[in-house]
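Undergrad: Could you slot chain B onto chain A? The hints should help.
Protein chains in written order, with the numbering used here: chain A, 1 to 82; chain B, 1001 to 1160.
Be careful, since some hints might not be right.
So the derived list for chain B, only partly shown, Cβ under 7 Å to chain A, looks like this [as the list claims (entries may be wrong)]:
1) Ala-1038
2) Ser-1039
3) Ser-1069
4) Gly-1073
5) Asn-1105
6) Ser-1108
7) Gly-1109
8) Thr-1119
9) Ser-1145
10) Thr-1147
11) Gly-1148
DEER-style ranges, computed between Cβ atoms [to be verified]:
12) B:Thr-1006 / A:Ala-34: 37 to 47 Å
13) B:Val-1009 / A:Ala-2: 49 to 59 Å
14) B:Ser-1047 / A:Leu-53: 14 to 24 Å
15) B:Ala-1103 / A:Ser-6: 21 to 31 Å
16) A:Arg-18 / B:Val-1019: 15 to 25 Å
17) A:Ala-38 / B:Ala-1122: 40 to 50 Å
18) A:Arg-18 / B:Ala-1102: 16 to 26 Å
19) B:Ala-1122 / A:Ala-2: 44 to 54 Å
20) A:Ala-38 / B:Val-1019: 27 to 37 Å
21) B:Phe-1017 / A:Ala-34: 31 to 41 Å
22) A:Ala-37 / B:Asn-1143: 22 to 32 Å
23) A:Tyr-72 / B:Tyr-1132: 51 to 61 Å
Some chain A residues judged to face chain B by a derived CB distance under 10 Å, without partners named [claimed, not checked]:
24) Glu-10
25) Ala-14
26) Met-17
27) Gln-19
28) Gly-22
29) Asp-23
30) Ile-24
31) Ile-26
32) Thr-27
33) Lys-28
Hints are computed from structural coordinates only; laboratory data are not their basis. Virtual Cβ for every residue (Gly too), placed ideally from N, Cα, C.
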Amino acid sequence: MAVLTSQQREGVWADYMRQRVGDISITKTELRAAVDAADAWADANAAAYNSALPQPARGALTAKQKASLLAYVVMRRFEVTP
Amino acid sequence: MASGNTLLVFSPLGAEFPVSNFATLDTRNNHPCLDFDASTGETVYFSGVMPRNYAGGGITVSVHSAATSATSGTIGWLIALERGNTDLDADSFAADQTITAAAVNGTSGIITVGSVAITDGANMDSIAAGEYFRLRVTRDVANDSATGDAELYAVEIKET
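One chain only, chain A, in its complex shape:
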């Protein structure tokens, strides 16, 4: 999967600001740069994440299911909800 489009990243940026995960000390522009970087990192490391999953999960889960799994784990680690 390719990186998100600029419009999709803008949607992530807008949705994130509506969630209020504590006080934020950076500007909108700086936050947008972080969104772009997070998406780029996810794209660059997607293959490594996939390789880290054991079989049979790696072969049986769809890409969306693997992405959702990662999201659940990360959110639980930091005790945040979408």
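TA: Chain B alone, transformed into the frame defined by chain A:
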């Protein structure tokens, strides 16, 4: 009315909403407020009658606001006025007047006040004492930088 005296104060509970891109009514520790998105220019209206003691010296509009979560960056506003002497079926606001984006408080729950002086005449759509009018408030998302919602707690109109 002497210069500097308050003419009107609007509360979030008196807001009127457009059909799209509207700020949303909320509370913060039981304080009513209007939440304005950081990425989309959202709007509310307030309607009133210009007090009879408005002396024609122009008005200063002050927006009392706080950031929902931001502790840095700026919040700005666009203010426009509409005299109620034309067909109400069509909007006829004067040009936006800008409250320049100003730094939010380092504590997100502390209010800051931004103001703009609007000269009597065309800039305030020539509203005269005793006339019905509307005030439009829009967050200036194109020119401010604070992340998250801006919370509007009050709008004051005073004689400049």
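Undergrad: Regarding the hint that Thr-27 (chain A) lies at the interface with chain B, is the smallest CB-CB distance below 10 Å?
TA: Holds, because the Cβ-Cβ distance from Thr-27 (chain A) to chain B comes to roughly 4 Å (cut-off 10 Å).
Undergrad: Restraint: Gly-1073 (chain B) near chain A, CB-CB cut 7 Å. Satisfied or not?
TA: holds, 4 Å
Undergrad: Is 14 to 24 Å respected by the C-beta to C-beta distance linking Ser-1047 (chain B) and Leu-53 (chain A)?
TA: violated, 59 Å
Undergrad: Given the hint of 22 to 32 Å, is the C-beta distance from Ala-37 (chain A) to Asn-1143 (chain B) inside that range or not?
TA: holds, 25 Å
Undergrad: Using the beta carbons of Thr-1006 (chain B) and Ala-34 (chain A), state whether their distance is inside 37 to 47 Å or not.
TA: holds, 42 Å
Undergrad: Could you check the hint for me, namely that Val-1009 (chain B) and Ala-2 (chain A) are 49 to 59 Å apart, CB to CB?
TA: holds, 52 Å
Undergrad: Can the suggested window of 27 to 37 Å be confirmed for the beta-carbon pair Ala-38 (chain A) and Val-1019 (chain B)?
TA: Because 35 Å falls inside the window, the suggested range holds.
Undergrad: Checking hints one by one. Is Gly-1148 (chain B) an interface residue toward chain A, by the C-beta closer than 7 Å rule?
TA: holds, 5 Å
Undergrad: Are Ala-1103 (chain B) and Ser-6 (chain A) spaced within 21 to 31 Å by their CB atoms?
TA: holds, 28 Å
Undergrad: Look at the Cβ atoms of Tyr-72 (chain A) and Tyr-1132 (chain B) and judge whether their distance stays inside 51 to 61 Å.
TA: holds, 55 Å
Undergrad: Holds or violated: 44 to 54 Å for the Cβ distance of Ala-1122 (chain B) and Ala-2 (chain A)?
TA: Holds: the Cβ-Cβ distance is about 51 Å, inside 44 to 54 Å.
Undergrad: Is the hint on Ala-1038 (chain B) kept, meaning its closest Cβ partner in chain A is under 7 Å away?
TA: OK, holds: Ala-1038 (chain B) within 7 Å of chain A, min 5 Å.
Of the hints listed earlier, those the structure fails to meet are numbers 5, 7, 8, 14, in rising order.
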